[in-house]
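Chemist: So the chains spell out like this:
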Amino acid sequence: MGGTESIENKLKDAVKDLFLKKKVDIVIGFEKGSLPLTSRPCFIRSSDMAERLVWNASCTNNLAVYLPRFFQKVPRAKKSGTPPPVVGIVAKGCDARSVVGLIKEKQILKENVVIIGMSCQGVIDRRKIESFIDGSFIAGGRQEPGGILEITTGVGDKKKIKVSDVLAESCIECQYPHVENADVRIDGESITASDDGYKAIKAFEEKSPEERWQYFTDEISRCIRCYACRQACPNCYCKVCFAEQTLPRWIGPGDELSDVMIYHIGRIFHQAGRCVECNACVRACPVGIDLRLFTRKLCMDVKELFGYIPGLSIEELPPLLRFELNDNNDFITTG
Amino acid sequence: MLKKADINKFIAAVMNNGYKVFGPVKQEDGVSLSELKTTDDISFDYFNFILPPKRHFFPWSELLYKYKDKTIHEAPLPEDKTILLGIRPCDARSFSFLDNVFIDDKAVDPYYQNRRDNTIVISLACNQPLPSCFCTSVGGTPAGKEGTDILAYDTGDSLFFEECSERGSSFLKLYSKFFSTPDQADVQAVKDFIAKAEKQVLSVNIKNAAEKLKEKFYDSVWDKLSFRCLSCGVCTFFCPTCYCFGLYDERDRRIRVHDACMYKGFTLEASGHNPRPTQSERMRQRIMHKFLYTVENFGKIFCVGCGRCVTACPVNMDIRENIVEVIG
Ligand code: SF4
Ligand code: SF4
Ligand code: SF4
Ligand code: SF4
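Quick mapping for you: the protein sequence lines, in order, are chains A and B. According to our numbering, the first sequence is numbered sequentially starting from 383. According to our numbering, the second sequence is numbered sequentially starting from 345.
In isolation and in its complexed conformation, chain B is listed as follows (with noise of 0.2 Å):
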């Protein structure tokens, strides 16, 4: 346990050890998930983060290698040491996600991997489902445990910190001197809180999706389901499980950028052929990607539920309605 008190103590010693901290800092539109300057900084004062962090392992624009004196520079690997802290179970079980198709056994991505080498990730368990939340319906629970080092419950005046990794336990023997013991009653507030939260997300019925899906390629229905669809690709930057990139060569450098199935231009051919030339087939391939391919490369639902699509999409396309639609 951990008194909210002291959190400043124990963030102002692992700042000292070298470690940058990401957590809720409170800013004009809202809290944000941004470097703490200092530990005042910190607001436990949301529900969850506008952007999904993956962009702290997978940047939206991130240099890969400069070409000077007709050699090319590879850029330095990251190596700063980091805590992303508060981060919600939906967002932690993205990176477990990520690392399936960036740490592959085929391929490794060195940048990624190493940031998630030098990254304690803390998580917040969640007290207070959105109504866009759909976690248990995909796999996930408020307090999930998947993709995390560390799990925090927010109790109220403490946060009861779980051990979720070798890494994690390692890490917290480092600071116990923060931390008290709990006592009977701080786990049975734990036990009530889980059960509270997950009460109160919505459940949407998606259960044999992938299979139900396979048959669906040339329905109809994705004409039908897609026609309010903007193309503007919102849903997909604000997932946390997207993952798609393009690589571009500008004058001295090369640089990959966050890309998207839901633009026009994602498959574009030279030729000017596109072989998904409306936003049927574009909408076809995100809920395909999500629900039916994923489970068939890597046995899971890239989709952790955190329902960002949901409340961002311009015309409220609405996943758990359009999957549901689809499978019937």
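The following block holds chain A by itself, in its conformation from the complex (with noise of 0.2 Å):
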């Protein structure tokens, strides 16, 4: 009864009559993955593959982020001139801005992507289920029924622990867990809208400037310069990114701390009024640094600034895209 499995059932049918009706020529869907609780990205090219297709809240990377490389031109394609496919894509409320950002970026075609809308409940953060779990790990686990996740720890003990409880922080902030633009939708239970005002970012804002910069300081200097941040966000296409261009060569490669935060003070600023908050950089990160809170300070300093909202609406033009005379301007200081 309304719980993730049937939605996993109504998410494969309409998969298959996609294929079968043929509006779509590949599917980017969840299936399971190869560690207890996980999903992964998977592409599913005809109907008979949509039984792999699972819906839990596990699913938690942020699918827009494979978009762009059907519309690109492959590097080895011998062919020019075949039409780009046309993508289904399955996407919680945050997936479907960062397709609707990819469209206004003209990174993709909206007439070759089918969105999937996904009634979202949230997804989990498995750091928070390992905390529940006293410093052991996840040996096993599934979903059940009712957002009951049941989870054997490494020393065999089992375990029930509700979803809800072990929300990722982005899910638990979510203004936007509708799908508005579905092309297709499926329906059932949701999470409720978060209205809070953004009391994380305005907590962090009371801070002393010397605070924040100290907590900057220590989240960046953890950093082992991967790029997996990057390479997990959407709004990351650029063929080549600022931090590895070599002419010229905005910033060293090596440990510095100050061309480290260069690379991250880059990538957050290049997110203002981008970040759909899918916490999919946040999730890449090998060493859990909460880069979110920084690129949402900037979406809700655009917000309150230009009251734009990224990802909602297909038509309405971001404000990096486009000049008005009238544009705020509070924030230069002269003199």
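Calculated directly from the structure, the hints in this document are not laboratory data. What you were told as hints is all true, and nothing was included just to trick you.
Calculated pairs, DSS-like style, for lysine-lysine (alpha carbon to alpha carbon, straight line, at most 27 Å): (1) A/Lys488 / B/Lys608; (2) B/Lys517 / B/Lys364; (3) A/Lys404 / B/Lys568; (4) B/Lys540 / A/Lys541; (5) B/Lys370 / A/Lys541; (6) B/Lys370 / A/Lys540; (7) B/Lys568 / A/Lys394; (8) B/Lys608 / A/Lys455; (9) A/Lys540 / B/Lys540; (10) B/Lys568 / A/Lys455; (11) B/Lys560 / A/Lys455; (12) B/Lys568 / A/Lys414; (13) B/Lys568 / A/Lys492; (14) B/Lys568 / A/Lys398; (15) A/Lys510 / A/Lys584; (16) A/Lys510 / B/Lys370; (17) A/Lys403 / B/Lys568; (18) B/Lys608 / A/Lys621; (19) B/Lys543 / A/Lys540; (20) A/Lys544 / A/Lys581; (21) A/Lys405 / B/Lys568; (22) A/Lys621 / B/Lys568; (23) B/Lys543 / A/Lys541; (24) A/Lys486 / B/Lys608; (25) B/Lys543 / A/Lys414.
Restraint ranges, calculated between C-beta atoms of paired labels, are given here: (26) B/Glu423 / A/Ile647: 32 to 42 Å; (27) B/Phe388 / A/Thr715: 49 to 59 Å; (28) A/Tyr597 / B/Cys588: 27 to 37 Å; (29) A/Glu532 / B/Pro621: 37 to 47 Å; (30) A/Met682 / B/Cys588: 36 to 46 Å; (31) A/Tyr597 / B/Thr611: 32 to 42 Å; (32) A/Arg604 / B/Cys588: 18 to 28 Å; (33) B/Asp373 / A/Lys685: 23 to 33 Å; (34) B/Ala539 / A/Met682: 50 to 60 Å; (35) B/Glu613 / A/Thr715: 42 to 52 Å; (36) A/Lys685 / B/Ser378: 39 to 49 Å.
By construction, the Cβ of each residue, glycine as well, lies at the ideal position given by its N, Cα and C atoms.
Combine the two chains into a complex, taking the hints into account.
Modeler: Below, the structure is given as structure tokens:
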């Protein structure tokens, strides 16, 4: 009843239907992962493959990250002029906003994307689960109806944990769980939109500049500069990232803290009015740096200054792509 | 045998003799391999370190020389006497692999070699393998001795120390007053321990992987396999045996920094041509290098089965499945 399992079946049926009606060439969705309680991206190319699809609280990735590659010229493709495929994408609220962002930034073709809008109940944060099982690890696990996770710990204990107790922060704070621009809609229970007024950010803003700088420094000094945060983000589709550009070279490649900081400041500012707060960067970061705090702050600023929210309407252009004479410019300080 | 309650005394004595001791230290986000400031920092409550320990011999970013007054000033060789404590056997094994690369007959990396020579590795056998572990499929075991000087077994209240190299035995002799002779029960405890741990490790069938991979260079399997990959490089950064680096000239110095074949820029040529333009060729390189090229060059599969790439990959590319998918 309204559990993720019946949503999963509805999803499978809908995807099969899309293939049978020849409305898609490929669908990006989730399949079961290789570790306990994980799901991972998969690419469905025919209706019989749809059985592989899963839908549960471990479907964490933002699948929109894969979309641009269907519309770029593939270096090894011999034939040019083959039209791009029609790509279906299983999307949570945040993922769908990424898709809309990519359409607006002209990285993908609107006509060639079919958004399969899921009712989202939020996704889990594995680190939170690990803290629930006292330093043990997740040796087995599955999701039961009613939003309950049944976990087997490393020492063989069985534990029941509510999904709602281990939701990712991004889901707790999610303002737009509902997929606005769905082409196909898979209905079911969903999380209620949060309206916390950016509590965490406001609390962070209350701190002194020294404290904020210290926090930033502490977090960033753990970075190993693998760039996984960038690779996992649908917004980071640049062919050459400023961090790796060599003519000119903007930042040194080594472990100097200032270089690492500039990478992050650059990445964070490039997300202003674009970040959909999906948490993909945070999840990808192998050392667990909370990068979303910073991008979220910029999105809050853009909302307050320009009244713009990324990825909601396909028509409205983002502030970084448009100019108006009466644009807010309070932040420019003179003399 | 060393009583856990006495470990502080042992470590303190080692520190007094001028050793820097790096060991398992409890931190906010788990136990990490860090320098012990006091002997109280140590915690045996961990499975494995998040980051691979290769950084101790082959740092992420390393100064090679500086240019000043039209002369080159080479970076001084590292001389610190160091103990690495609590290294898991898979990771210890990776040191012996890195030795193949950096201490070769034809070329020796003096920075690496000095660090290796000045370091005593005390590894700790695994009593609790993780779902991502597969050391036994690639030639290791939860109580493996390769690459380590001393192997410790955690038997509850005590640590059982086993000498694994000459350096290890002469080191332990200096501290013999801290140790007691194990009795029959202790020896049995260790045996049980190994048997239990070994049983828990997942086994993957990669028999004759190298032979089979030879046929697969032009196979279409790579495209299919790699499509999910984001080319983020985490798997290589987290791999204890990956050793690729790039050299960079900055204003007044030359440094070397870890690099990875999973990056698009790894093979980008100055002309703009890239012989490995998609993640398909990059994935092929990573798997071929580990399971074929190093077998040809060093007679070893360059994977110790620590499973870090499996857990750290943001899209759950699982090398255990990948290799099986390729070799069929
Ligand atoms: S910056 Fe992070 S949270 Fe924002 S869209 Fe990119 S991956 Fe998602
Ligand atoms: S993913 Fe984490 S460690 Fe990697 S570059 Fe980003 S912040 Fe740094
Ligand atoms: S797998 Fe790649 S990064 Fe690792 S050592 Fe081989 S070529 Fe280098
Ligand atoms: S960690 Fe995963 S996504 Fe990243 S490069 Fe490795 S295989 Fe690809």
